[in-house]
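Asks: Construct the entire structure; sequences and hints are all you get.
As you go down the protein sequences, you meet chains A and B in turn.
Be aware that the first sequence starts at 1, since it is given in my numbering, and climbs by one per residue.
Be aware that the second sequence starts at 1, since it is given in my numbering, and climbs by one per residue.
Treat the hints with caution; some may be incorrect.
List time: in silico DSS-like cross-link candidates among lysine-lysine, alpha-carbon distance up to 27 Å [what the hints assert, rightly or not]:
hint, chain 1, residue 1, chain 2, residue 2
1, A, Lys207, A, Lys116
2, B, Lys108, A, Lys300
3, B, Lys199, A, Lys116
4, B, Lys106, A, Lys300
5, B, Lys106, B, Lys199
Because the hints were derived from the structure by calculation, they are not lab data.
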Amino acid sequence: MAQASLAASRQNSWWHRNQQQLTPWLFLAPGILFFLFYVIFPIFQSFNLSLFEWDGLGEAEYVGLYNYEELYWDEAFYTSLKNNVIWLVLYLAAIPAGLFIALFLNQTVTGIRLYKSLFFFPFVISQVVVGLVFTWFYDPTFGLLNVMLGAVGLPPMNVLGDENWVTVGIIVAGLWPQTAYCMILYLTGLNAVDPEQIEAGRLDGAKGWRMLWYIIVPQLRPATFIAFVVTIIGALRSFDLISVMTNGGPFGSSRVLSFYMFEVALSEYGFRMGYGAAIAVVLFMIMLAFIAYFLWTMYKEERAR
Amino acid sequence: MFPTPIERTSRTWQISYQTLLPLALILWLLPLIAVAIFSVKPDIDFANANYWGWPTSFEGFTNYALVFTGSDMPQYLMNSFRITIPTVIGAVALSCMTGFALGVYKFKANIWIFFMFVAGNFVPFQILMVPVRDLTLQMGLYNTITGLVLFHIAFQTGFCTLFMRNFIRALPFELIEAARVEGVAEWRIFWYVVLPLMKPAIAALSVLIFTFIWNDYFWAVVLTQGVESQPVTAGITSFNAQYRAAYHLMSAGSIVAALPPVAMFFLMQRHFIAGLTLGAVK
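Replies: Set out below in structure tokens:
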């Protein structure tokens, strides 16, 4: 009995002495294990898998860099890559557009809160529904777009059926919720802008664009950074809209890497897991450049604290 | 305040602003308004190509009732709730712990573990797709709600940890030190000191994750198939196949599918926005 309690107290004191070192690890353990299991390890598995030819069921066959060599000659891969670049560039329009709407709504008239919420609305809706809504908006037989084009005397167009317009059409659909997101970031940012600096600027005669560019925008940097991060990630993740609106068509002209990868690995076109993994690796490397930049920025801020 | 407050501007601009505001809103929400109008139109309007005219009769009740009685929609909605709610609970619980560990304690690996979570959260889904699907298959969880929930919890933990850790960093550290001086055990500090202060963060994350998971489409397609486990985002596609060209029903179905996160947003707006800005812009 005495021995047991002695052992317990020794254990206790050992625990006491090391409590501060051990506690964080105990708190981290479940989260880290889960995350390693489902996120970190699969990344490496995908890298490995890209060196194999595998249909998802039978034996995987080691083929070295063959999948990458095939990618090099694959027309569809270049179409997807090109579309990814278009997405990245055009999607960034959400940032100035969001800022513009935020400036428009940054007033204190009655009901403005409701207006802000309703402007934000598109972001809350699932992309699948956004995709459907815009598919109908573009519909050549009854879509509102052609009604509107007709009203100003322009000929009708079939946006989603036209190889030259389809990607832009989908991006516009994506910009709708993304602009709403950037708008809300800027609205919150504008709240934090220092009123004294604005007054000082006014005294110095700064107005309109000059005021915006030299006094407001610099103070909105944290909001701009987040808007940039979420927009880049959003652009590279685009999948739902393409899947719902065109399924990659017409003739694969609206594919992006994320969609093409899915098509190769998990659709009726066949189950080429290794080839899909190779595409995913390319997409990952593109994303990694941005992730590294984001982390570097965050790291500098951490150090500065 | 920028731009100049409307009260301080000319009368003309005040009036034009007040008229521009509703016009801009209608223009902005035009695609949605169109769908809402579609969803209360009768079948016959579409047959007669009366797409944009006034509905010849109000069929809102019939259309929405049909969505609930004539299709698998109720089952899909149910599945969505059964996927979303456990994910929210799981991810928030895990990240309260990881956020606490990374926000309060100083140790060498701290920043690297934090960056692992942040980086993992930004990764493209496709790099995880094949291994995660294979993993889920091997565990016998393919096409089950559990399989989808487990993955969602793990992945969302990345974003949630980022959020929670930053939130805890901003709390007054003296509280924790005072408790330590009193000799309070570390886990008690978590439970009795930190956790009560995290309520706003928990609320913000919960609404945000609810929306993210409810709106997920990719993983639903990769890890599930069929009525018994697919959420409503994936279900709406089969719903639309069932009612091809029945635009009034497809519209009603889409609105029903979109509604829960919308309701969540309007009920918990303040928390939602706090969550979106990652607490970084205050």
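Asks: Indicate, hint by hint, whether the structure satisfies it.
Replies: To see whether the hints hold, each was checked on the structure:
1. A:Lys207 <-> A:Lys116: holds (25 Å)
2. B:Lys108 <-> A:Lys300: Holds, at about 17 Å.
3. B:Lys199 <-> A:Lys116: holds (25 Å)
4. B:Lys106 <-> A:Lys300: Judged against 27 Å, a Cα distance of about 18 Å means the pair holds.
5. B:Lys106 <-> B:Lys199: holds (23 Å)
Every hint from the earlier list agrees with this structure, and none is contradicted.
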